[in-house]
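J.: Each chain, written out:
There are 2 protein chains.
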Amino acid sequence: MLFGALEAGGTKMVCAIGNENGEILEQVKFPTEIPETTMPQIFEYFKGKDIKALGIACFGPIDLIKESPTYGSITSTPKKGWSGYNIVNAAKEALGIPVGFDTDVNGSLLGEVTWGCAKGLSDAIYLTIGTGVGGGVISNGKLLHGMLHPEVGHIRLPFAKNDPGKSVCPFHDNCFEGLAAGPSIQARWGKPAVELADKPEVWEIESEYIATALMSYALILSPKKIILGGGVMHQEQLFSLVRKKFKELVNGYILTKEMDDLDNYIVPASLNDNQGIMGAIKLAIDACE
Amino acid sequence: MLFGALEAGGTKMVCAIGNENGEILEQVKFPTEIPETTMPQIFEYFKGKDIKALGIACFGPIDLIKESPTYGSITSTPKKGWSGYNIVNAAKEALGIPVGFDTDVNGSLLGEVTWGCAKGLSDAIYLTIGTGVGGGVISNGKLLHGMLHPEVGHIRLPFAKNDPGKSVCPFHDNCFEGLAAGPSIQARWGKPAVELADKPEVWEIESEYIATALMSYALILSPKKIILGGGVMHQEQLFSLVRKKFKELVNGYILTKEMDDLDNYIVPASLNDNQGIMGAIKLAIDACE
Chain A
1 MLFGALEAGG TKMVCAIGNE NGEILEQVKF PTEIPETTMP QIFEYFKGKD IKALGIACFG
61 PIDLIKESPT YGSITSTPKK GWSGYNIVNA AKEALGIPVG FDTDVNGSLL GEVTWGCAKG
121 LSDAIYLTIG TGVGGGVISN GKLLHGMLHP EVGHIRLPFA KNDPGKSVCP FHDNCFEGLA
181 AGPSIQARWG KPAVELADKP EVWEIESEYI ATALMSYALI LSPKKIILGG GVMHQEQLFS
241 LVRKKFKELV NGYILTKEMD DLDNYIVPAS LNDNQGIMGA IKLAIDACE
Chain B
1001 MLFGALEAGG TKMVCAIGNE NGEILEQVKF PTEIPETTMP QIFEYFKGKD IKALGIACFG
1061 PIDLIKESPT YGSITSTPKK GWSGYNIVNA AKEALGIPVG FDTDVNGSLL GEVTWGCAKG
1121 LSDAIYLTIG TGVGGGVISN GKLLHGMLHP EVGHIRLPFA KNDPGKSVCP FHDNCFEGLA
1181 AGPSIQARWG KPAVELADKP EVWEIESEYI ATALMSYALI LSPKKIILGG GVMHQEQLFS
1241 LVRKKFKELV NGYILTKEMD DLDNYIVPAS LNDNQGIMGA IKLAIDACE
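Protein chains in written order, with the working numbering: chain A, 1 to 289; chain B, 1001 to 1289.
Please note: incorrect hints may appear among the correct ones.
As the list claims (entries may be wrong) - If the Cβ cut is set under 7 Å, some of the chain B residues that face chain A in the computed set are:
1) 1121
2) 1139
3) 1142
4) 1171
5) 1220
6) 1222
7) 1270
Quick caveat, the hints were computed from the structure, so don't treat them as lab data. Each residue gets a CB set at the ideal place from its N, CA and C atoms; glycine is no exception.
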């Protein structure tokens, strides 16, 4: 059985055809322009592919409340043309099949809990640290929506030791995204993260912010695994630094087997950067039920 | 139908008999000494009361993992005699009825979502700020356990403006509990909270810590309501201060109907300090299913 998957991002739209095992059989990309030019190309791609359903893992914020009159739409994005666009209704109309829908980060997490490093876990978090910071959460075996959906990148953090501390977030003076996402690294050091790999002072500060945020997630969500993805986390030296600082910060307050084995608690994404599109396949599978 | 309820705290044990409507028909208290002297009194009280099940909302940390060999026990408490005591097994043996079990704060939240201000909500948090700070969480309609259970009082916070900042938590230099629980207020100002009601500078700092923590909970858990209980929150002037600072901190980043109505989003506990024992009644009811 075939399923369509759309990972809808602010710069590109990844479309794939997959099967019930999460195998990606084919994949294409389109640049994200405006709905009127971008979406018809996507729908054209999926037509005639004999897919049973489409799953959309979408950039946000989005309306996930099933009872809402605007369910399925992108809400207050600054991205021109997309604010208020109902991507779910448009897809249903164009393709006439069931459509599953969630945030991009919940999609990535769903990929990891279905086929990746968090397989079968009831409680986990997937965090992406790149141009922004976002997170998907599964809680009691279901992707977390609640009032809206988690926006874990915008929690307030204490300034790291030796950080002059200037947030690049337009909303918050000292939030995690504003202090630790890619643009913040660039603003602090004058170069993109990828050119700073050999500067320990960069990763000292970065890992303190990440570890502090992870401690909050661990204490509030009690996840069984924390998965880190996104461009900044391609700096693999960060993992051991983050685990070390996390351990120092928690300071023995939580006693669980997970805390005794941080190498398997704080882990990189496991699906070769396909976690998002694979999660979208699972959203499509679930939409058939 | 009658149910037994035990709110097991570090200083007192509240025992009650209730019905399926959460009505408390009778109630007694015993001081918390050691299990060998305290628990027989409790079991004696419940015997012959014709209760169908017992619900225990218990101080922690506790083992809530059903598959664990130590499920039902209090784990690493400093409270003499209780570390490793299996309160669930003891109750089952003494009374021969089903026993429901959760944290004290999850119990309070369960009372509020069953009969109180959060009735029917799938996602909410109950926070108690008193001698310590703890929180219960419901997520996707179920009390959150995950790896252990939430320990939301120990997240790191930035020091408040004008706070010399000294945490009284033995584990953490700048966690919420260490900076804002009752003992911290006493350490900072030399008097207990209740004697400081007319000092605005006390509540300025206190409300900043609370608002910052609530912002993290709101962004990470996406709750539909935040309920505040505990001794410190008996200072009712805190509510308007906390809502004001919360609004400033979120700064329009989340757009939901809840954010437009903070008076109904950040609210006091609603069950006259009976939320814990009423939650324990519900734990008993659920244990029969």
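J.: If a hint holds in the structure, say so; if it doesn't, say that too.
T.: Verification of the supplied hints:
For residue 1121(B), the interface hint is violated, since its Cβ never comes within 7 Å of a Cβ in chain A; the closest pair sits about 9 Å apart. Here the hint on residue 1139(B) is kept, as its CB sits about 4 Å from the closest CB of chain A, short of 7 Å. Among the interface hints, the one on residue 1142(B) holds; its C-beta lies about 4 Å from the nearest C-beta in chain A, closer than the 7 Å criterion. The beta carbon of residue 1171(B) is positioned within 7 Å of a beta carbon in chain A (closest approach about 4 Å), and the interface hint is therefore held.
Look at residue 1220(B): its Cβ gets to within about 5 Å of chain A, closer than 7 Å, so that hint holds up. Look at residue 1222(B): its Cβ gets to within about 3 Å of chain A, closer than 7 Å, so that hint holds up. A distance limit of 7 Å between C-beta atoms decides the matter here; for residue 1270(B) the minimum to chain A is near 19 Å, and the interface restraint is violated.
Violated hints, in rising order: 1 and 7; the structure is consistent with all others.
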